[in-house]
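Protein chains: 2
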Amino acid sequence: MKLYGFWRSLATYRVRVTLALKGLRLDEPEISVDILQGRQFDDAYRKLNPQSVVPALIVDAGPPLFQSMAILEYLEETAPRPALLPADARGRARVRGLCQICVSDGHPLIVPRIRKYLEKDLGVDEAARNRWVAHWSLKALEAVEQHLAHERETGRYCHGDAPTLADVCLASQVIAAREYGHCDVSGVPRVMRVYEECMQLEAFGRSHPSRQQGAPADLRG
Amino acid sequence: MKLYGFWRSLATYRVRVTLALKGLRLDEPEISVDILQGRQFDDAYRKLNPQSVVPALIVDAGPPLFQSMAILEYLEETAPRPALLPADARGRARVRGLCQICVSDGHPLIVPRIRKYLEKDLGVDEAARNRWVAHWSLKALEAVEQHLAHERETGRYCHGDAPTLADVCLASQVIAAREYGHCDVSGVPRVMRVYEECMQLEAFGRSHPSRQQGAPADLRG
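Top line first, the protein sequences correspond to chains G and X. Mind the numbering: the first sequence is residues 23 to 243 in the numbering used here, read in order. Mind the numbering: the second sequence is residues 23 to 243 in the numbering used here, read in order.
Same shape as in the complex, but just chain G (with noise of 0.2 Å):
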């Protein structure tokens, strides 16, 4: 397997978490697609990848798969050990809830092209910009906490006690949140515990993006 992705990249890291979490190694090193520079838009990279996003995951022969939640359910469905979704449909269905209020209705707000768009098209000072990213981000954790503190499924986890693909996408939420969008955390104290369950584990720690070839060397300090 080959991962393009990007060590700032919250879709990059949901996917390098669950590879850790089921011990599955690259071939090679991530490589690394700068989208802050906008390299995702060079040719070479559209095509494999024609939405211009990371990640993009290499499997076989074909094209590379796409989007970070097909890209978890496919992994779950060809690595099934440790298993990262419950074994009842109900349960699924909680945990791809909770994954899809962050990947669907936290990061997306947040990434690059929706930043530069508010700049570029809307005028959008960077006072306010960073107001945006603060408040969706967090939007999507209070929405994730509202589920944690009233079902009876939170655990350890946010879905029994052991993690699952709603734990790998709460924290790339956390990230976005507390040190992408500088939010105050202390309104979501159960995602919080979660979180901090989730980064005793080295699959969670090592894929973190400070910790990633690329960073500045301020943040892997």
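No lab work stands behind these hints, which were simulated from the structure alone. Be a bit skeptical, because a hint or two may be false.
Put simply, identical chains are the same to the list, so a pair is met inside one copy or across any two.
Derived DSBU-like pairs (lysine-lysine); straight-line CA-CA distance at most 30 Å [stated by the list, open to error]: (1) Lys24 with Lys44; (2) Lys44 with Lys138; (3) Lys138 with Lys69; (4) Lys161 with Lys142; (5) Lys161 with Lys69; (6) Lys24 with Lys69; (7) Lys24 with Lys161; (8) Lys138 with Lys161; (9) Lys44 with Lys69.
Based on these hints, arrange chain X on the given structure of chain G.
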């Protein structure tokens, strides 16, 4: 099963179409939550879906299912015929990837809460807001178009010659772009060909926003 939705909601549309494709019937007519009037924030609805978004699907005595993609996957698992995901993991990854382009990177950018934030918090005028809706709605379809153009799995529908969840999501995104965003869709001919195929099927047509209880008379005509 009980479905909380809204005539105009494209996430509700996706659930409606999937129920219809699988021949599943609700126990009572869809329950309307007027998201244009902010009824999703009413206490009664928040208890059903703490994120205050539609849809929510009640399937048993437990909390409702939430997030359209999670609901679609649940319906696929619990009512597997006709199958709306391919039999092979790679095919499923492609279909889910196409779904996510629409559900994660297209639709969440144009929902009422975002339009409201643009207006109220960023002071964006109506013309610029309309351009935002059109831009992001079409961007998602352009990405789908590239996949349809260059991947050999494309058939009469997105993936082969029978409808899949990718078609359900594509159809919702075409409605976003063409009907809500008033986009020129001439640049995505393969998407539109698939959409027209979908609309030949009763499940897609009768689920259309304009044909729902609550839609304005001029749309329903």
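The hints, checked one at a time:
1. When the C-alpha separation of Lys24 and Lys44 is checked against a cutoff of 30 Å, the pair qualifies only within one copy, where the shortest distance is 16 Å, while the shortest distance between copies is 37 Å.
2. Neither within a single protomer nor between protomers do Lys44 and Lys138 lie at most 30 Å apart by alpha-carbon distance, with minima of 35 Å and 41 Å respectively.
3. Taking the shortest alpha-carbon separations for Lys138 and Lys69, only the intra-copy value of 23 Å comes in at or below 30 Å, while the best inter-copy value is 36 Å.
4. Within a single copy, Lys161 and Lys142 get their C-alpha atoms as close as 25 Å, and across copies as close as 17 Å, so both meet the 30 Å cut-off.
5. Within a single copy, Lys161 and Lys69 get their C-alpha atoms only as close as 34 Å, which misses the 30 Å cut-off; across copies the closest is 17 Å, which meets it.
6. For the identical chains of this complex, Lys24 and Lys69 are intra-copy neighbours only, at 15 Å inside a copy versus 44 Å across copies, given an alpha-carbon limit of 30 Å.
7. Within a single copy, Lys24 and Lys161 get their C-alpha atoms only as close as 33 Å, which misses the 30 Å cut-off; across copies the closest is 26 Å, which meets it.
8. For a Cα distance limit of 30 Å, the shortest separation of Lys138 from Lys161 qualifies both inside one copy, at 21 Å, and across copies, at 15 Å.
9. Taking the shortest Cα distances, Lys44 and Lys69 sit within 30 Å of each other inside one copy (28 Å), while across copies they are farther apart (36 Å).
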